[in-house]
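A.B. asks: One-letter residues, chain by chain:
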Amino acid sequence: MSGWLEKQLPKLVLAPSFVAILIFVYGFIGWTAWVSFTKSKLLPRYDIVGLIQYDRLFVSPRWDVAFSNLFIFGCLFIIISMLLGLLLAILLDQKIRTEGIIRTIYLYPMALSMIVTGTAWKWILNPGLGLEAMVRSWGWESFSFNWLVDPNMAIYTVVIAGVWQASGFVMALFLAGLRSVDEEIIKAAQVDGIPTWRIYSSIILPSMAAIFLSAFIVLAHLAIKSFDLVIALTGGGPGYATDLPATYMYTMAFSRGDIGQAASSAMIMMAVVFAIVVPYLYSELRAKND
Amino acid sequence: MTEPNSNYADSRYIQKLILRSLLFLLLGTFAFYYLMPLFVMVTTSLKSLEEIRTGSLIELPREVTFAAWKTAWSGACTGIQCEGLRPYFWNSVLLAVPAVIISTLIGALNGYVIAQWRFKGANLIFSLMLFGCFIPFQVVLLPMARVLGIINLAGSISGLVFVHVIYGIGFTTLFFRNYYVSIPVELVKAAKIDGANFFRIFISIFLPLSLPIIVVTVIWQFTQIWNDFLFGVSFSEAGTQPVTVALNNIVNSTTGVKEYNVDMAAAIIAALPTLLVYVVAGKYFIRGLTAGSVKG
Amino acid sequence: MSTILEIKNLYKDFGSLNILNNINVTIEEGDFLVLVGPSGCGKSTLLNCIAGLEPITSGAIAIDGRDMTIVSPKDRDIAMVFQSYALYPTMTVGQNITFGMKVRGVEKNEREEKLAKVAKQLQIEPLLNRRPGQLSGGQRQRVAMGRALVRDPKLFLFDEPLSNLDAKLRVEMRTEIKKLHQNLNASMVYVTHDQIEAMTLATKIVVMKGGVVQQIGTPSEIYNHPSNLFVADFMGSPAMNLIPAKVAKNGKGVKFTIARSYGEPLILYDEHITKLPENVVLGLRPEDIGDAKLRKGDKLQISTCSVDVVEPAGADTYVLINLGGKEVTARLQAETAAQTGMEMAFTFNMDKVSYFDAQTGQRLN
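Respectively, the protein sequence lines represent chains P, Z and E. Per this note's numbering, the first sequence starts with residue 1, numbered consecutively. Per this note's numbering, the second sequence starts with residue 291, numbered consecutively. Per this note's numbering, the third sequence starts with residue 587, numbered consecutively.
To be clear, the hints were calculated from the coordinates, so they are not data collected in a lab. Computed from a prediction, not measured in an experiment: that's the story for all the values here. Every residue, glycine too, gets a C-beta built ideally from N, C-alpha and C. Errors might be hidden in some of the hints.
[What the hints assert, rightly or not] The list that follows gives simulated cross-link-like pairs (lysine-lysine, DSSO-like), each with its CA atoms no further than 27 Å apart: (1) K688(E) <-> K479(Z); (2) K688(E) <-> K482(Z); (3) K700(E) <-> K740(E); (4) K482(Z) <-> K879(E); (5) K912(E) <-> K938(E); (6) K832(E) <-> K740(E); (7) K573(Z) <-> K7(P); (8) K479(Z) <-> K7(P); (9) K11(P) <-> K410(Z); (10) K832(E) <-> K861(E); (11) K95(P) <-> K548(Z); (12) K7(P) <-> K765(E); (13) K938(E) <-> K879(E); (14) K764(E) <-> K703(E); (15) K764(E) <-> K740(E); (16) K479(Z) <-> K764(E); (17) K306(Z) <-> K187(P); (18) K700(E) <-> K479(Z); (19) K7(P) <-> K740(E); (20) K482(Z) <-> K740(E); (21) K482(Z) <-> K594(E); (22) K482(Z) <-> K861(E); (23) K410(Z) <-> K7(P); (24) K795(E) <-> K479(Z); (25) K410(Z) <-> K660(E); (26) K912(E) <-> K479(Z); (27) K479(Z) <-> K740(E); (28) K660(E) <-> K479(Z); (29) K95(P) <-> K306(Z); (30) K795(E) <-> K11(P); (31) K548(Z) <-> K360(Z).
[What the hints assert, rightly or not] Listed below are several chain E residues computed to face chain Z (Cβ distance under 10 Å; list not exhaustive): (32) I656; (33) V657; (34) K660; (35) R662; (36) A665; (37) A672; (38) Y674; (39) F685; (40) M687.
Isolated chain P, as found in the complex:
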């Protein structure tokens, strides 16, 4: 092999992936952005007309619901998952013999497809035959849990299912973080007479700032992508009460044949992710390069 070729070999090996990313990630984002500025309907058009798709988006009542659902679902999902994950991590950190089994039990939902999760919870929360019926059969006749079909409450069922799936992962992250604190610091604190709860709140938790951030980023990312879960659990309904930007985009793209709307809603999703992830990646890569 000639000397020049050999020197360039690493670059050549990386090149196809790099080109692929350029085209299929950045190029495609560009294409979608472009189309979001056009009047595309069933087929894409490339003559730019301005922000009309975004205007249409922001006055659409369906998008309103979808976007506000994103925040309701997103905030609840992230906060509850983090709190639950933290609680479980602290519990599991107490040196329990069956830790391995318990950790397996808490984490397995993450191995499931969101379609499976949605299907399971759809059944459990089924008003006529699921949880509601069961509690009623125990004697509590007036118990009502028809959130699944109630337009106002349906989004919270998505939260329940989502938390069930993701909190185990948050727990695993936090457990690793709890354990990464130097044993000797904890021993010193114990010798100093500091109570266990105080050791957690003043020493261990503050040192986990980076992991809280990681967990937040991953959960936020999951929330924004939540498409499978909604489709399986509620189909976006009742009506479009549990629509999220992800399902809105899909409907516009493949059912309504409104590519302009699909593109603009996708770009909004992109912007939200961008706003959260970019500062995080920037600080991560700077730290790694130091």
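Starting from the known structure of chain P, fit chains Z and E onto it as the hints suggest.
C.D. replies: Using the frame of chain P, we list chains Z and E on its own:
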């Protein structure tokens, strides 16, 4: 006045016992919370429709029947076809295996280049690839649909493999790069002096060292690809759908009577491969999940 | 005797940072060249440039007369031993040593033959089927040397090979490397930050600081005639005493006045030198300052000093006295009666003295 030692020790001991019991109670409650849906799915799938209507959610089946499973596998309707999950399960296999192998291999080579053969711009390229992992895929759905049409792969399993490989490379590269970065540079120097070239060094030195990260990457990729729905539902057609899409079709089909037991059996069938992988190699799965997130 | 390595006007920049500045070194076949200096002086970088693992900005490197500018490491006929041994972790000791031959397509029989020869030489025969992870530090180092030996190269390169070993092992391995050099009459370039290693192993030493060569010479030259303050201070243990002094003409020679924290300044004479600046630094090794009661010799100048600290060290006793604002070490025989606080007569061997310019640090004699 001091408390007699034995009383004090006793009360401390009892306090510890109470706290410990509380701990186990809490842990147990949550274990129940996580296991309950799985339990419900299994039991429901083993009941007859009659029992489901008359019985309650968490009751054990009075009469165990596997009829729902048979239907789910070979008779359930996923739209016009009523062949059950079997053909779609096979689709997922045909999709996942090549996609996992190809994306892992490419990720390994990429990680090797970025970690050990630094050149100007390598870090920039890595950052760009890393960012690609985080995008919501909705933003590439439309153009990808068009491109697949243009290169004649629309609606085919090969097309899906292509899509999953492209969008999997970011993660696989990340995993391998983080792993290879901790291999000392002097190893490559010694091999260069020994006369080994780029590929020889990779095959003879790096690959043998890579078993842990290969396992993590394969498990992660397999789970992601098998469980995917978005790409599956956007880029496949009636005969080439993966098992997740077929499952959704079965569950949300509007024709006929809702057969909850079949739904549950189908869900379990769809979940089995990744669940099995998790049970067998869960340790590595967790490592994969926390790979990029926790700073080592 | 042919020139085996010639480095001419070598410069290396890394971006805007200059790492190696105008390096010129030549060694003959059979030489043991040691590159020594503090961390960051560029010695490892220079070694990597010789190996072809790092590119150079300008200048030339020639191995056995061949210009190496476009030659890749594997074709330079060199072998390298690394600080971390860099043994291939998933291969056995035998495979580690023969990997290079395998890559070059050497026949199996020849490989086995060469492996056996080297294994015998380094006494690692029982280790051949083990993995690096199962070996001790010293064993790993021998395997690393075995990998180098089996190449039968023109030049052996060592990058701080003993730094990872504990003190005792280090001394043992140092002797082994020296024996290897003598038995093979091999040409070696060796990098270390340990000046004792440099002094004991080298036939030629290059002292480096900040990417610039400070001095090139034999161990004896470096030790007895350091070319500047840095070399004087860096090489030799304990370090050379560097004493500030004021110069005044005195007949045919000069007179040195060295201030003391107590009493009269110390006066020393040198009749053989005339031109010196007003402020110099006198360099005297501890062994050149002695106990007047125990050391005799008419060339020695005697003066009374006050003892600050006495450090018995077995065969010698080190005594610290205050001169010119510095703590000066004298190496006395163990029989000395020196005690802290006492005033006693010391001998100063002005035949061995080095003079340095107080401003530039350059040697003056």
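A.B. asks: Looking back at the numbered hints, which does the structure fail to meet, lowest number first?
C.D. replies: Failing hints, ascending: 4, 6, 7, 11, 12, 22, 26, 30, 32 and 33.
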